[in-house]
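Here's the letter readout for the chains.
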Amino acid sequence: MTLPPRTLALPALLALAAPPLLAHGFAAGKIAISHPWTRETAATQVVGGGFMKITNNGKTADRLVSASSPNAREVQMHTMSMEGGVMKMRQLKDGIVIPAGQTVELKPGSLHVMFMGIKAPFKKGSKIPATLKFKQAGSVKVQFTVQAVGSTMPMEAGHAQH
Amino acid sequence: MPSIDPAPENPMAQLRKLLWIAVAVAVLLGGILYIGAERAGQRPAAQNGLNFGGPFTLTAADGSVLTDKTLAGKPYAIFFGFTRCPDVCPTTLSRMARLRKALGKDGDKFAIVFVSVDPDRDKPADIGEYVKLFETPIIAATGTDAQIAAIRKSYGIYVAKVPLDPADPKGDYTIDHTAGVFLMDAKGQLSSIIDHAEADEMAIAKLKRLIAES
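Protein chains in written order, with the working numbering: chain A, 1 to 162; chain B, 163 to 376.
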């Protein structure tokens, strides 16, 4: 069954109406990044997933080609899927394409960046600096907000003005 | 000249309302049928004669031996994962913590068990620190390769090590693994399975039944 188009159009309109940069946003060229966030990690944990929304306001596709952070040995790009009850994660060595005029959401259960070999546990409330490198837009420095381990979305998105 | 449609809202709005009512009825019927079938005793594996679950020996986070007998007498929710799993494992374990909270005083009537499918990298101290993140008691276990292989077999857990870089098969790896939560009763028999994608309401109903049965 399909949803009436209006149901789908409404959130899209709301998204367009929102200011391009909220309290926690970053930009480089035509690329805007909103609410990068990650989860707190245990003392013995060496990886962590990072999530954010990447919007390409340009007329040509761009590509997130790499990411790095002083807090991790390496930052990879991954995709995650559930197939027949089995979780599968794969590295995206070619990066993540951000089509022209579109937003790609890195979120739990889907695309994410993965901090590999984290140097110290991510503490709730702290910020993890990272650099995202886009093929067209170049490099942009961002800060991932460390949220509670049970988080499934960025805190700021739910209540931007607090 | 743009024309003004006098009442564009009504037919669409009505259709939408009807569709939502249809969805609600379908969901309700599905739920009733499902619960009815489960009540009738159509348990996933136990009734099919499969030897689901059964004896196991593992190592707990404090280094002590953990077996099926250690857990017997109280129902438990058992989940298989690894500490380098950035998404489904923290999501599932924090969900179990949330469901436990939602059950109120019944929340401590079942144990939550986390078993590593990455025994080479997850040592007892690693899993112990990991489960502390979730701020609810979770029994964490790891073991030797043979012990983990044995429990995987008896619970039918699919596990595949996959190199993160296909060009470097000996390098860092991730693990494809079954992500359901198995609800085992006080006798160690499978009661039901909580699917990754299922709504909290259904999961809570399953947990309530698990507690009531045990």
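These are computed hints drawn from the structure, not numbers from a lab. Heads up, some of the hints might be wrong.
What the hints assert, rightly or not - No farther apart than 27 Å at their CA atoms in a straight line, the calculated lysine-lysine pairs in the DSS-like style are these:
id, chain 1, residue 1, chain 2, residue 2
1, A, K119, B, K231
2, A, K119, B, K236
3, A, K93, B, K332
4, B, K370, B, K231
5, B, K236, B, K315
6, A, K88, B, K332
Unchecked claim - A short list of chain B residues far from chain A (calculated; beta carbon distances all over 10 Å):
id, residue
7, A234
8, P252
9, L255
10, R257
11, A312
12, R314
13, T340
Glycine included, every Cβ here is placed at the ideal spot set by N, Cα and C.
For the pair we were handed, K119 (chain A) and K231 (chain B), check the Cα-Cα distance against 27 Å.
-> Violated: K119 (chain A) and K231 (chain B) sit about 39 Å apart, past 27 Å.
Examine each Cβ of chain A, and state whether all of them lie more than 10 Å from the Cβ of R257 (chain B).
-> The assertion about R257 (chain B) is violated, with a minimum of 7 Å to chain A.
Given as non-interface: A234 (chain B), partner chain A, CB spacing beyond 10 Å | holds (26 Å)
Beyond 10 Å from every chain A Cβ: check whether that's true for L255 (chain B).
-> violated (8 Å)
Does P252 (chain B) really sit off the interface, with its C-beta more than 10 Å from all C-beta atoms of chain A?
-> violated (5 Å)
Could you grab the alpha-carbon distance between K93 (chain A) and K332 (chain B) and see if it respects the 27 Å cut-off?
-> holds (17 Å)
Exclusion check [A312 (chain B) not at the chain A interface, CB over 10 Å] | holds (20 Å)
Within 27 Å, alpha carbon to alpha carbon, are K119 (chain A) and K236 (chain B)?
-> violated (39 Å)
Is the nearest CB of chain A more than 10 Å from the CB of T340 (chain B)?
-> violated (6 Å)
Compare the distance between the alpha carbons of K236 (chain B) and K315 (chain B) with 27 Å, and conclude whether the hinted pair is satisfied.
-> holds (23 Å)
R314 (chain B): least C-beta distance to chain A exceeds 10 Å?
-> holds (13 Å)
Mind checking the alpha carbons of K370 (chain B) and K231 (chain B) for me, to see if they're no more than 27 Å apart?
-> Holds, because 23 Å separates the two Cα atoms, which is no more than 27 Å.
In summary, the structure is inconsistent with hints 1, 2, 8, 9, 10, 13 from the numbered list given earlier, while agreeing with the others.
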